[in-house]
Amino acid sequence: MSEEYRRYLRPRQLPHVWCPGCGNGMIVKGLLDGIVALGLEQDKVVVVSGIGCAGRTPFVLDFNTIHTTHGRALAFATGIKLANRDLEVIVIMGDGDASAIGGNHFIHACRRNLDLTALVFNNGIYGLTGGQLAPTTPIGKRSTTSDSGSIEAPFDLVRLALGAGAGFVARTTSFDHKQMTSFITKAITYKGFAVVDILTSCPTYFGRMNDIAEPYDMIHYLRDTTSPLQECTCGVSEDGPSDLMPTGVFRDEQRTEYGSLYREKVAVATGKRGMA
Amino acid sequence: MNNQRVVQGNEACAHGALYAGCNFYAGYPITPSSEIMEILSHEMPARGSVFIQMEDEIASISAIIGAAWGGAKTMTATSGPGFSLMQEGIGYAAITETPCVIVNCQRWGPSTGQPTKTAQGDVMQAIWGTHGDHPVIVLTASGVRDAFEMTVRSFNLAEQYRVPVILLLDEVLAHMRENIRWPSPGELCVVPRRVPEDVRGYKPFANGGFLPFGSGARFHVTGLAHGADGFAVADEAAGRELMRMVGKVRDHAAELALVERFMLDDADLAIVSYGITSRAAEGAVGLLRDEGLRAGLLDLKTLWPFPDGVVREVAERVDRILAPELNMGQLVREIERCVGGRCEVLPVNRVDGHLLTPMQVADAATSPRAGPAARRAR
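Heads up: the protein sequence lines correspond to chains R and E, in order.
First residue of the first sequence: 1, per my numbering; consecutive thereafter.
First residue of the second sequence: 277, per my numbering; consecutive thereafter.
These are computed hints drawn from the structure, not numbers from a lab.
Misleading hints may appear alongside valid ones.
[Unchecked claim] Once the Cα atoms are required to be at most 30 Å apart in a straight line, the calculated DSS-like pairs of lysine-lysine come out as: (1) 191(R) to 141(R); (2) 479(E) to 44(R); (3) 479(E) to 29(R); (4) 265(R) to 29(R); (5) 178(R) to 191(R); (6) 29(R) to 186(R).
Excised from the complex, chain R in its bound form (with noise of 0.2 Å):
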């Protein structure tokens, strides 16, 4: 494995703030390796994020960085990639961070099809506020909100971005290295707005609250609770409702991108329209 990666990091930025057996390192090897492969020009990358565990993300990457508010890092982004679309534009999210505070913003993006790359990293809890109940804690899984378990029907954001017209859509998880940078690479080509359900573990509240708080155990979790969409009777099936999580590319089609809409709305209002 190529040691490229390296590059893209701040060294004096690390060691970063996650716990000990937390996914979301995994993650950051998989976006870099996916960018070492993608051979985008280090100036042009801008990394925005949200608030949270996921949010710090940009801290040690060694691109264009901006750390926003608390679930609007897609509108930050917004603005950043109709300002100059020279630039690359990819945002990380918490799942609380994209779908419950960012939730509106989330669905928006996914409507408006401009040339994003949203990469959700979900451990279905709040981390850095020490483990409260999120919009994507499963059903009975316990939180510090939710000592008893959750009575709280999650969001499946796949199905929530597929619902809301996201152009590409896809769910992996943070232990399968090879399937997530495929996945990320994917996104970040694709000509639109893409979303990347990443699953990723929190062994420090998820797991020490619902009893798999051995980062081993928590990644066994992960494997556990979810299935390759292809050889799935998940989501629902003839046999009723399945717990378990599909992973996979649910949707790669290309839509009209915003940006190539805007730009083709501003040549007919220019009068430049057919010009070469």
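With chain R held as given, fit chain E onto it using these hints.
Quick look at chain E alone, frame taken from chain R:
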């Protein structure tokens, strides 16, 4: 060239933004500000600039801050309910020293209030609305031509001081039409963005200009306490940074103080007002002069940093200051602080969604207590 146009306050504001070089607008529809975005939705694509209607006001202000780091001169416009939602973003713009302009066409009351009635109730919110000590500049305008000029000035100050600038208009000014002399190109000063020429070793928060993303210096921006390089600091360093940021505005109050004086030179009585209320105040000066009272007007364009020196100087020379506002008494507290007992200060307030009349303001000049007189229906 005598280029006269009859335009609305919102129209003047939208064109002021274009004049100032605004090339990115994000907004969400809300009365009484919507004409600004409607005009820009038409005008900006025709100039190759970006207009986008976002999903809410939080997204709107987030998008304009992002766009500023993408290299654009940016603005959004809203009214009370949207302005409340934008407080989060205003704080982020302040701590990240992002130049941007936020226009608030004030409406009556808290919450939904009265969307089509006027007020000046958001003054303190504009100054203090986002949490924590922070720098902002707050300007206002009293007429349609003024709305154009103050929009341009808002952009200029945002660039010069690297702060969010809030321009307070109000429902009446937003929708009022006046025949104004349209500024010709080059007539008003437009401050360009200060972009450093040498990007090597660029530190985003070291007063070395504002460099957009993608310019060759990779740096970090965060809403956390940070040092000159954008990375987290704590303790004394955080305190120092906060004082520097607030000091950018506070220590330049004198040069930021923009006011207009009307018949003040020989005045015994000064009306200190701002925004649309200065129109009634000017009328009141005429009425009082007709009655033989030496009245004058100090019209404040800069509401924050508060023009302490100017108000103090007026207080030295008059016996009484009237402070009319379309709220229950907000800026009057700043006026009283500056006056410090040098003369009498009488608040004149109206909060029924309508403008104070010249008569109501003038009445207060001879009234022992201004409030009840001004509230009396006429």
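Handout entry: Straight-line alpha-carbon gap residue 29(R) to residue 186(R), limit 30 Å
Key = 16 Å, holds
Practice task
Take the C-alpha atoms of residue 479(E) and residue 44(R), compute the straight-line distance between them, and say whether it is at most 30 Å.
Solution key: 18 Å, holds
Handout entry: Given pair status - residue 191(R), residue 178(R), alpha carbons within 30 Å
Key = 22 Å, holds
Exercise for the section: Would you mind confirming whether the straight-line C-alpha gap from residue 479(E) to residue 29(R) stays at or under 30 Å? Expected result: 27 Å, holds
Practice task
Starting from residue 191(R), check that the Cα of residue 141(R) is at most 30 Å away, please.
Solution key: This hinted pair is violated, its Cα atoms lying about 37 Å apart.
Practice task
Below or equal to 30 Å on CA atoms is what counts here, so check residue 265(R) against residue 29(R).
Solution key: Answer violated: residue 265(R) to residue 29(R) is near 39 Å, above 30 Å.
When held up to the earlier numbered hints, the structure conflicts with 1, 4 and fits the remainder.
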